[in-house]
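Visitor: From first to last, the protein sequence lines stand for chains D and X.
Start counting the first sequence at 1; every next residue gets the next number (my numbering).
Start counting the second sequence at 1; every next residue gets the next number (my numbering).
In short, the hints are calculated from the structure, not lab data.
Some clues are possibly wrong.
Looking from chain X toward chain D, a few residues come up when the C-beta cut is under 7 Å (computed) [said to hold, decoys possible]:
hint, residue
1, LYS46
2, GLN66
3, PHE69
4, LEU76
5, HIS78
6, PHE79
7, PHE81
8, ILE92
9, LYS175
10, ARG182
11, LYS184
12, LEU185
13, ILE188
With a straight-line Cα cutoff of 25 Å, these simulated DSS-like cross-link-like pairs (lysine-lysine) come out [said to hold, decoys possible]:
hint, chain 1, residue 1, chain 2, residue 2
14, X, LYS46, X, LYS141
15, D, LYS55, X, LYS98
16, D, LYS45, D, LYS55
17, X, LYS186, D, LYS3
18, D, LYS48, X, LYS103
19, X, LYS46, D, LYS48
20, D, LYS55, X, LYS41
21, D, LYS237, D, LYS254
22, D, LYS55, X, LYS141
23, X, LYS46, X, LYS103
24, D, LYS55, X, LYS194
25, X, LYS103, X, LYS145
26, D, LYS157, D, LYS201
27, X, LYS184, D, LYS39
28, D, LYS39, D, LYS29
29, X, LYS145, D, LYS45
It should be emphasised that the depicted structure is a prediction, and the values quoted were computed from it without experimental measurement.
Ideal placement from N, C-alpha and C gives every residue a C-beta, glycine not left out.
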Amino acid sequence: MKKDLQNLELLSAYLDNELTQSEKAEVEKLLVSSLEMQKKLEDLKKVKQLGNNVKRIPESPYFETRLMASIEGQKNESSRIKRWMPAAALAIVTIVIMVVMKFNPGLIDKMWEDQKVAVAGFYKENLQPVLLAANLTNEDVFNFAFNNELPLDNTRKKYLLLGYDDSGKEFFEIRSSDHKVKRESYNEFISAMNLDPGQKKTVDSIIGSYSKALEGQLLVNDKNTIAINPNLWNYRKAIFADLLVASEKLNKIKFDRIVPAGITNAEKVVVVNTLEKLKNTSGDQYIFVTPDSIFAGTYEFNSELFEKEMKELDKQIKFNEEKIKQFTINIRYDSSFMNFADDDTKHSFRIIVDSNICRVDIPEHQIPEIPIPEMATIEPLIEQATNNIHFYAYKIPKIEKSESGIKIEYYNDDSVYSYVVDYDMLNMDSIASANSGTDLYNLSKFKPVKPFDDTMLIKYQFDRDYYHRYYSDDEFKKQMEELQKELQQLSEEMKNQSIKVHTEVTKSRKK
Amino acid sequence: MISNEKEKDLQQPQILSIDDDYSIIRHFIDGDKSAFQVLVKRHKEKVRNIIYITMNNSALVDDIAQDVFITVYRNLKHFRFESQFTTWLYRITVNRCKDYLRKMNVRKIFSPIEDGYEVSEYSTPVENNDVSRIVMDAISKLPTKLRMPLILKDIEGFSYQEISETLNCEMGTVKSRIFRGREKLKEILQPLEKELMN
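Looking at chain X on its own, in the form it has when it is part of the complex (with noise of 0.2 Å):
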């Protein structure tokens, strides 16, 4: 078991480095079972986030963010500590969310437009003023390899090399990419300006 005195250590957000998830890791593979419920506590939020903005549905977080936890327990005991574990959480995230865009819009091919919770560039345009609801209206109408870099950037705060080290490609296309996304962004929300300067 840890320690209280390290839970609660390990439970202080504010700097997170490599050794902090490493030595929880360890205590995991180890055998304590509690160590994956404080590595849970501390990456949880920001995993639920990056969820909550690329898939536009806030129904859908847990479902997700359960299925990515799940993969990462049933895998923790095979992390090679050669990166840090948030890369390898948030590219599992990702993939996830991928997976699911990925099957709803096959099943956008064959369902009604209007149908449950989709969200697409279909869908009907926002009515209420709320800016953040604007944006992230605006950000899942992007294409999924635009969408991602972009959330990661300017939302989440990553820096290109981590966001190419999730999304696992070049620090080039990481820097097209979200240039791209931030003009397409832009293009999207060109008819709410009025709206997102009052």
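Chain D on its own, in the form it takes in the complex (with noise of 0.2 Å):
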């Protein structure tokens, strides 16, 4: 049975003329001997015949178009995915920033400080003590006593200084020396005192010896950072009161000019403790300003450590006899000028600035983080001797205005005058004598006490347009001539009319 399943599939690949010559010959052998078989190979040929039967399809002449804009058609397809894998990647990641940020909120305010961290860092680094990048001088530490101001380097370009603004509150300036006051203080003063010059030594080693507990309180380096201390301030007032102390005992007649109240003990006795304290503190919080922000943070000056290093660095330099490098500070300001302004006002400051000035309004908390509530006992003080000075060594006038009137005083050669004008009555002599007698024209060469305080300019009743046109002397004493002149010339014109002319004037000496 199963040879002639075999026989029969050889039969039909005899049909097909796949066999082998052996297995032809064989098929052919059995194909001579049986009928059946014959028969078969009949049967089979018109099976595969009807194959030739079968039409074929018809040609299909948009069959590459078609398959062609299928290919393409599924390029595009892919091409658009890839086209879109950019804006998945970002929904991507937006995702995934806004699962890290619900479940750690404050990542983002953690690189803002960290970043913050690392600029001011940057800022931080070399700081050095004003003192001795500036090369300080007992002059520059009077001045600073007395004026409010220090120079921040060696070239004296730019200045620090310090002040109150009406409602008390600190605020300091960098300012170019073009806008300095330039003032003699420290030689002014000791003509003041008249001290000999036995005296002055006492007073300078007196100063001397701030120099070192200023170190750390004004620091900058080559980057144009200044860090300022917020207790410089009270070392102003505190070198300040002390001075006075000192002087009260070097020359007690010239002291009670400038403080005729004189000092208590128990003033002394808080001068001596405010010092005490100050120089005990080190105080780590600075306000630093840098040429890009100004922000508050904290900084650990080691003045030993300092000390050390600058030693080291003396020997290395002797030994290598090379220079200092000098460095100048050059901080220049626009209005793009930044600070780090935060949400919390407490750590902001408001800045004002110009082309020559950057004003740094300090909020008040900034100051003293050492409480010395003593300080507020000397402060009248100060401020009595400090205004007395600038009338005696500086022949600035005092001028008192009243609704009635003004009051002017004037110090010349130990002599103390005064004026009195009334509003009331138009008293055209007063001041025409007042212009005889008080030689005002000398006022143009006294600025105010406080750079910039506009204040006293309106104290000296000298509108600021009147001021500058005759700020020129030849020419603001012409004017004044003839508005003398011009005012007898009135004088007697009213007198001629019965008007009621007061005059008072008053001229005492005072010892």
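Join the two chains, each given in its own frame, into one complex according to the hints.
Guide: So, in structure tokens, the structure goes:
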């Protein structure tokens, strides 16, 4: 049976001409001998021929076109997906960030803080005392105590000025030397106090003793950073108070002129205690003024370490005969000056900037972290002394304005001149006399105690324009002489018209 | 780009050699995408015909043929030149047809018999006298494993060797299946012998 099937399969293959020669010979042998096989071959042939009758499918002329369109379509599909890949990636990143932020909401703040720390770190590098950097003299330290200003570098081109606004809040300004109050304050003080060279030496030594204490209060570096310890304001008061106490001992008569009420023993104790506290306090809070930001931060200035380093540096310099690299603080301010203004105003500063001056108002809390309540008790003393020293040393008139008139006091050659001008009755004589007697044009030489303090100009009763117009000495003198003549003429005319003119001119000498 | 002359030569299907297909494929691999169109032109009708007879449904031909050539397009870069391109092409064609038939059989189980285009051994008897139609219907009633070798041999004229390579089976199996296919076809056509004779 199996043999028959094999023979039939061979017969089918014989029909297809797919047999080897031996197989073919075998099949042909079978065919010769078997009618059944012959019939089977015929049947298979008929079936095979049926295939020839099968019609082929008509050609499709559009097949390639459709195929290629389909292939292109699939390519576009994938490129469309590729085109959306960036958006999809962005969406995924956004989702990831959202998830991260949900579970770690302080992340951005932390990154921001880290960034701030990094920037702050950069500007805090290599800070050194301005005392050394600017090579401060006794004159500079005295000027600081007396005029609130300190040079910021060796070239004396930039100055730091401390001040208080009308509400008593501290501010500081960094200004160019063009706007510095040019005074020989120390020498003026010595002359006002009439101190001999020996006494001057004593004052020198007192000032010298503060150099060390001031060391860590104002730091600068070559990255144009200025680090101001808010304690600097207290230092200024304390140094000034100490100088007053010392000057009382040196020249009591002159001192009484400056501080008529004198200094009580209690006040002296406060001064000593305040100084002691300040010297023993190393506040690590600083206000950093940098070329691109102003921020408050901590900085630990180790004076001993610094001293050690400086000694080491000195040795090296001597050994290598190298020169210390001098640097110049060069801070240029423009309107783009920014500060790290946090939402919380306690960390922010109000900054006023023009081409020459940068003024920074300091929030109240920034100043003394050190509680010095006693300071308040000596403040009136300091204020009184300041005014009087200005009065005696710099011949700046005291001008008191009231509802009824203006009282002007002026010191010259140990004499005090006092003039009162009433509003009620036009006192032409007093004005005329005052002009002739007080050498008023000399006022133009005086500038306000606080630079840029317009209130002083207002106190002088000089209109700004008027002040500037007659700033030139010659012109001012000429104008005043003309005014004097006119006033005298007017006075005569008024007398003739029986108008009552009240004149009150007092001239007193004070010892 | 293949030159027009070369394209003309390639389009002459009278004598196709291995080298012809190989050179076209090399052009394609070298980045000439138009070579693929030449390849399609040369082989599409044979592919379409195998599909047509295997599926016994003209409506499906172009869909399946497209499927075949898209597969070729995607994989042509990896062609290894170890066998004839046509062997690879027809194997893909047969496999696609098998896939479709399998799907249709599955669908047949869950669908009403009269639904759609399916033609099976249970379908309505042939009503027209077209021999071609009768034979195709009869072939479509063959089991797939007998149908494929028979079509490739008796309609497409493949050698046993080619059928063996295309269907990936032994020569003996091909020989046996062709015989059995013929026997089965004869059996199916027995009732229609008179019509066929006419």
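Visitor: Could you run down the list of hints and mark each one as holding or not?
Guide: Checked hints:
1. LYS46: violated, 9 Å
2. GLN66: holds, 5 Å
3. PHE69: holds, 5 Å
4. LEU76: violated, 11 Å
5. HIS78: violated, 17 Å
6. PHE79: Nearest chain D Cβ about 17 Å off; hint violated.
7. PHE81: Violated, about 23 Å.
8. ILE92: Interface hint status for X/ILE92: violated (14 Å vs cutoff 7 Å).
9. LYS175: Result: holds, 5 Å to nearest chain D Cβ.
10. ARG182: holds, 4 Å
11. LYS184: Not OK, violated: X/LYS184 not within 7 Å of chain D, min 9 Å.
12. LEU185: holds, 5 Å
13. ILE188: violated, 10 Å
14. X/LYS46 x X/LYS141: Holds: X/LYS46 and X/LYS141 sit about 22 Å apart, inside 25 Å.
15. D/LYS55 x X/LYS98: Holds: D/LYS55 and X/LYS98 sit about 22 Å apart, inside 25 Å.
16. D/LYS45 x D/LYS55: Measuring from Cα to Cα gives roughly 19 Å; hence the hint holds.
17. X/LYS186 x D/LYS3: Holds, at about 22 Å.
18. D/LYS48 x X/LYS103: Distance of about 29 Å is beyond 25 Å: violated.
19. X/LYS46 x D/LYS48: holds, 19 Å
20. D/LYS55 x X/LYS41: holds, 20 Å
21. D/LYS237 x D/LYS254: holds, 21 Å
22. D/LYS55 x X/LYS141: holds, 18 Å
23. X/LYS46 x X/LYS103: holds, 23 Å
24. D/LYS55 x X/LYS194: holds, 20 Å
25. X/LYS103 x X/LYS145: holds, 16 Å
26. D/LYS157 x D/LYS201: Roughly 29 Å separates the two Cα atoms, so the pair is violated.
27. X/LYS184 x D/LYS39: Distance ~17 Å between X/LYS184 and D/LYS39 Cα, so the pair holds.
28. D/LYS39 x D/LYS29: It holds: about 15 Å lies between the C-alpha atoms, which stays within 25 Å.
29. X/LYS145 x D/LYS45: holds, 21 Å
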